[in-house]
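Heads up: the sequence lines are chains A and B, in that order.
The letter at position 59 of the first sequence is residue 59 when you use the working numbering, and the numbering goes up by one with no holes.
With positions in the second sequence counted from 1, the corresponding number in the working numbering is that position plus 270.
Take these hints with a grain of salt, some might be off.
Unchecked claim - Distance ranges between label pairs, derived from CB positions:
| id | chain 1 | residue 1 | chain 2 | residue 2 | range |
| --- | --- | --- | --- | --- | --- |
| 1 | A | LYS30 | B | LYS398 | 37 to 47 Å |
| 2 | A | GLY85 | B | THR455 | 56 to 66 Å |
| 3 | A | ASP90 | B | GLY313 | 36 to 46 Å |
| 4 | A | ILE4 | B | SER505 | 28 to 38 Å |
Calculated directly from the structure, the hints in this document are not laboratory data.
The beta-carbon is built from N, C-alpha and C at its ideal position, and this holds for glycine as well.
The lines below spell out each chain.
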Amino acid sequence: MSEIILSAKGLTKIYKQRTGKFGFGTKLVKALDDVSIELKAGQTLAVVGESGSGKSTLARCLLQLLPADKGEVFFQGNNLANTSGQALRDLRRYLQMVFQDPFASLNPRMKVGEIVGEGLLIHRLGNAEERRIKVLRMLERVGLSATDMGKYPHEFSGGQRQRIGIARALVLEPKVVVCDEPVSALDVSIQAQILLLLKELQQEMGLSYVFISHDLRVVRHVADDVVVMHSGRIVEQGGVEALYSAPREEYTQNLLKAIPGRAKQHSLAT
Amino acid sequence: MSELLRVQGLTVTPANNPSKKLVNNVSFTLQSGKTTCIVGESGSGKSLTALSVMGLLAASLTRAAGSIQFLGNEITHLSNHELSHIRGKKIGMIFQEPMTSLNPVLTVGFQIGESLTVHLGLKGDALKARIVALLEQVGIPPERANAYPDELSGGQRQRVMIAMSIACEPKMLIADEPTTALDVTVQAQILALLDELKTRMNMGMLFITHDFGVVADIADDVLVMFRGEIVEAGSVADVLYKPQHPYTKALLDCVPDAEGKKQLKPIDYAWLENAALEKAA
Numbered sequence: 001m002s003e004i005i006l007s008a009k010g011l012t013k014i015y016k017q018r019t020g021k022f023g024f025g026t027k028l029v030k031a032l033d034d035v036s037i038e039l040k041a042g043q044t045l046a047v048v049g050e051s052g053s054g055k056s057t058l059a060r061c062l063l064q065l066l067p068a069d070k071g072e073v074f075f076q077g078n079n080l081a082n083t084s085g086q087a088l089r090d091l092r093r094y095l096q097m098v099f100q101d102p103f104a105s106l107n108p109r110m111k112v113g114e115i116v117g118e119g120l121l122i123h124r125l126g127n128a129e130e131r132r133i134k135v136l137r138m139l140e141r142v143g144l145s146a147t148d149m150g151k152y153p154h155e156f157s158g159g160q161r162q163r164i165g166i167a168r169a170l171v172l173e174p175k176v177v178v179c180d181e182p183v184s185a186l187d188v189s190i191q192a193q194i195l196l197l198l199k200e201l202q203q204e205m206g207l208s209y210v211f212i213s214h215d216l217r218v219v220r221h222v223a224d225d226v227v228v229m230h231s232g233r234i235v236e237q238g239g240v241e242a243l244y245s246a247p248r249e250e251y252t253q254n255l256l257k258a259i260p261g262r263a264k265q266h267s268l269a270t
Numbered sequence: 271m272s273e274l275l276r277v278q279g280l281t282v283t284p285a286n287n288p289s290k291k292l293v294n295n296v297s298f299t300l301q302s303g304k305t306t307c308i309v310g311e312s313g314s315g316k317s318l319t320a321l322s323v324m325g326l327l328a329a330s331l332t333r334a335a336g337s338i339q340f341l342g343n344e345i346t347h348l349s350n351h352e353l354s355h356i357r358g359k360k361i362g363m364i365f366q367e368p369m370t371s372l373n374p375v376l377t378v379g380f381q382i383g384e385s386l387t388v389h390l391g392l393k394g395d396a397l398k399a400r401i402v403a404l405l406e407q408v409g410i411p412p413e414r415a416n417a418y419p420d421e422l423s424g425g426q427r428q429r430v431m432i433a434m435s436i437a438c439e440p441k442m443l444i445a446d447e448p449t450t451a452l453d454v455t456v457q458a459q460i461l462a463l464l465d466e467l468k469t470r471m472n473m474g475m476l477f478i479t480h481d482f483g484v485v486a487d488i489a490d491d492v493l494v495m496f497r498g499e500i501v502e503a504g505s506v507a508d509v510l511y512k513p514q515h516p517y518t519k520a521l522l523d524c525v526p527d528a529e530g531k532k533q534l535k536p537i538d539y540a541w542l543e544n545a546a547l548e549k550a551a
């Protein structure tokens, strides 16, 4: 049994939605309804669900990018929900995020070297030369080169930008990385490259991933444990093999049945 | 079964750069009652192939060579006005983004009725009855005819798009990534609906996708495109389970399976190019 590195207890987040004529009415939408998860050190916890299930809200609440209305998030014995200011900033070094859209998540007016090095600057890690070397090593590790440091994000393809996003998150040597749909905007050949890169980095750096995805085929490949979400609630959770081979809840069963190509593959293969 | 579409030697280039072949010497046929999937990565030319068939290429692109026959008639020399009698009437179209393809200030019933009025001259009660029948066919309660697009879910909007595209009972339906923006369960419903309509109306369907799972679900025949060319063509069982071309094999090795048994392997493009050179030599 490995140690729990990040856990959430009873997370609840309620959004107000304007309704009716001119938006005078309001409706409360529970984006997260009493959600509790546990991430084991060095492993990958996948959160799957359809749009509107609350999986991205969960990602943001875990990292305190969005304040939850209720509930606690524990990281190495610290309750992040009670932490703020400098103390939270110090912890954030160990909690990083890789975003979905590699076209929207990189500042177009900053050079790649600045984007990747910004975290080191904020956390005052090393002097200028040490920072430059760290950024360079990280870029090389994700498959980019020294000359790329002086380029702007628009000069790169989608897959390369996702590599920059990964380098930006990992240069701080975090413990936990929340990946919010990191491959859903990519072609399948690029997707395979990025998934393998994430796996290698996980082993090298001892990372723990929370992997948010709507793609059940990708999740099958990356996850150790899986949480299935629907309308802000956890429908089912468990080890990836057990959950895929014997889903208990009807919602999970329907979700697995809807994986494209799955029903027909046996008749086609023969 | 009869031949609906015959494309031969289709080549598309930018208007100002005739040597850059975005679609290169593409040939295929489509039969009635059958679905042909064009599968490929972004930039492979799959969408340009579909747009060329409909004569909807952007002004910056040009069809440099090739013939396109629809029901035995060459349609490449037709004017835009002449093509507009075919598009929407004999060839239906569905696109990826159901929100941007619908007009937000018109009710969905009105938008479905538009092509019926233009192409078939339907009016009044006959038009209303046909709109109700179409909505029922795609599984939307008929009273939703008065709804605006923003009042519908993504899946319902795509159903409205399908109702519009089959309104005039076209011989052929061109669907460009129609389920890419949808959740998996909704995607499964839309694919089943398209398949059912295809069979019931004996349409030919040209279906563009990048998802091999979707291909397995819906295709009879498959064309694999890579850098503007068709590298492999065949029945769905052959292409998915007995691929011949190195690119098809490499691409299939990248696709994660729901059982997690497969070892993912990214494409080695340098190796692929060497293999192509050796083959050519």
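Results of checking the hints against the structure:
{"no.": "1", "hint": "A:LYS30 / B:LYS398: 37 to 47 Å", "result": "holds, 40 Å"}
{"no.": "2", "hint": "A:GLY85 / B:THR455: 56 to 66 Å", "result": "violated, 43 Å"}
{"no.": "3", "hint": "A:ASP90 / B:GLY313: 36 to 46 Å", "result": "holds, 44 Å"}
{"no.": "4", "hint": "A:ILE4 / B:SER505: 28 to 38 Å", "result": "violated, 50 Å"}
Hints 2 and 4 from the earlier list are contradicted by this structure; the remaining hints agree with it.
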